[in-house]
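K.L.:
Spelled out, the chains give:
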Amino acid sequence: MRTLPWELRKLVAQSRVRAAFVVCLLAPAAVALVLSVQSGLPKDTLFGRHVLTSGFALPLVLLSFCALWVFPLLAGLVAGEVFAGEDAHGTWPALLTRGRTRGEVFTGKLVAACLVPVALLATAALSSLAAGVALAGREPLVSLSGSTLGPGRAAVLVLLSWATAVPPLLGFCALAVLLSVVSRSTVVGVAGPALLGLVMQLLSLLGSLGTSSNALLTTPFLAWRGLVREDAYYGPLWQGALVSLGWAVACLVPARLVLLRRDVS
Amino acid sequence: MASLASVEAVTARGLRKQYGEQVALDGVDLTVRRGTVHGLLGPNGAGKTTLLRVLLGLVRPDAGSVEVAGTVGGFVETPGAYPYLTGRQNLAHLAALDDEPGDVEEVLQRVGLADRADTRVRGWSLGMRQRLGIAAGLIRRPDVLVLDEPANGLDPVGALALRSLVHELAHDGLTVLLCSHDLHEVDALADDVTVLVAGRVVWGGTTTELRGRPGASLLSTSDDALAQRLAGELDVQPHQSGSLLVRATTAELDGYVLELARRGVAVRELVREGLPLEQAFLELAT
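Protein sequences, first through last, are from chains A and B. Start counting at 1 in the first sequence, then tack on 115, and there's your number in the numbering used here. Start counting at 1 in the second sequence, then tack on 127, and there's your number in the numbering used here.
Careful: at least some of the hints might be erroneous.
[Stated by the list, open to error] According to the in silico footprint, chain A covers these stretches of chain B (three or more CB under 8 angstroms from chain A):
no., stretch
1, 224-235
2, 287-298
3, 347-359
[Said to hold, decoys possible] The calculated label-pair distances, taken between Cβ atoms and stated as ranges, are:
no., chain 1, residue 1, chain 2, residue 2, range
4, A, T216, B, G141, 23 to 31 angstroms
5, A, V364, B, Q145, 49 to 57 angstroms
6, A, S300, B, A325, 25 to 33 angstroms
Derived by calculation from the structure, the hints in this document are not laboratory data. This one's a predicted model, so the numbers in the text were calculated from it and none came from an experiment. All C-beta atoms in this analysis are idealised placements derived from N, C-alpha and C, irrespective of residue type, glycine included.
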């Protein structure tokens, strides 16, 4: 794993990754500020009607939004660049004529491509929780089953809910890695996961896939809903984890083979 | 790639590489002696860069084998760099991937980048990037250094400094495989030369041997008709300029001029067409 520290440094040195951290840190506060001054509430979103009565509602509202639009974009922004960036900068020859094998380089990059999006997610989760509490205080949260959750339990469930987004986020990272390795284009690597995420959302909305929609990589982002209720259910969580794993394996095996076998020109 | 215990730093046998219908390498054999500067010459599309990529392990040949004694470093075409990192960080990154890397500061000094090493590569000139590419090769402390058009983008002073650096490296025992379009550069630096044309080696040997190949000279004498009769087996033909066109090795030309003088034919002008190496290359490559 000697490649990992520098892969992380390279990522953090890039302005768009730094900008993503700043957005994840500050955007929840900005949303809280807007909600505090506007008269209406986001009632169409789960927990939207409670954002001014419990500080634990806002992070769940933001989680719903991020699951739809932000997480695939974050995955692409980081993981989509990690491999194709070497093509863009012409650095593969320098990188692959070192003492490390291509397999080692792939592993180091992959781990970096997964760690940074997870760190971004964690940043967004904590700043959302902080923004929610700043907006509405540590009041109890009304769960999806109608029960009241005390502040401590609500905080734990909020963080666990955000944590359930990690497996599908990693699935999208794997998708970004595949697109990045195969296309050798940062545009495809960065925008591809977001576009494919959008297509998956549309397919889910249309309902034409029936139960097959469970195999879509966007479906596991909804699994947290089973947690924030008195009678919690975990089936979608395990199913989502398996689906995410399936996508990750299906993307990473060919991506690794392509990198190991490709001619670097 | 396996190690060699002999005097050869690089041995390639029967290398073949095809991209679709295009044959880039067609049974290339190459031997590079340890501690020498080996020039690789050829017109565009001759397969030079593909050969270097194979040697660096970046491209897998369809057939043939390559053996390199020790480690190989260097760059092909324009060396890449991370624009958002400084020059020092670029080198430190690459050094971190090697088991026994060289000292970053020392290498930066050696390629003349120490003063600018803490600025981001984004604003660097092509010449500075070339030097960073050389530094990236050297930081590996390679036994064989591959340089593809290293003087690209360098000003005359930079090119001169590069030549002196390559001389220094070769003097230190490093084997340098130098690919260049600049025949003056190869002439000045290389001990051995391999000429590639259309994916095949058309000539290989020392630069002295290459210079020894017949070259063209324009000769003007006091009696061109007699001079032509005295040519014997030498190729001496009337030229459109009014002079005689002589195709001969340097040694043959020396003998011919002495013979002319002995027979009372005065040599008024003798002009070699370009560098001997240039002549030989053009003959081989066209």
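K.L.:
Take a look at whether the Cβ-Cβ distance between A:T216 and B:G141 falls inside 23 to 31 angstroms.
P.N.:
For A:T216 and B:G141 the Cβ distance comes to about 26 angstroms; the hint holds.
K.L.:
Under a C-beta cut-off of less than 8 angstroms, do 3 or more residues of the stretch 347-359 of chain B approach chain A closely enough to confirm the stated coverage?
P.N.:
It is violated, with 0 qualifying residues against the three required.
K.L.:
Can you let me know if the beta-carbon spacing of A:S300 and B:A325 is within 25 to 33 angstroms?
P.N.:
Since A:S300 and B:A325 have Cβ atoms about 32 angstroms apart, the given range 25 to 33 angstroms holds.
K.L.:
Please count how many residues of the stretch 287-298 of chain B have a CB within 8 angstroms of a CB from chain A and say whether that reaches 3.
P.N.:
Per the Cβ count (0), the hint is violated.
K.L.:
How does the coverage statement for the stretch 224-235 of chain B fare against chain A, requiring three or more residues with Cβ below 8 angstroms from a Cβ of that chain?
P.N.:
It holds: at least three residues are needed, and the stretch 224-235 of chain B offers 3 whose Cβ sits within less than 8 angstroms of chain A.
K.L.:
For the pair A:V364 and B:Q145, does the Cβ-Cβ distance stay inside 49 to 57 angstroms?
P.N.:
About 33 angstroms separates the Cβ atoms of A:V364 and B:Q145, which means 49 to 57 angstroms is violated.
Figure legend: structure checked against the earlier numbered hints; hints not met, in rising order: 2, 3, 5.
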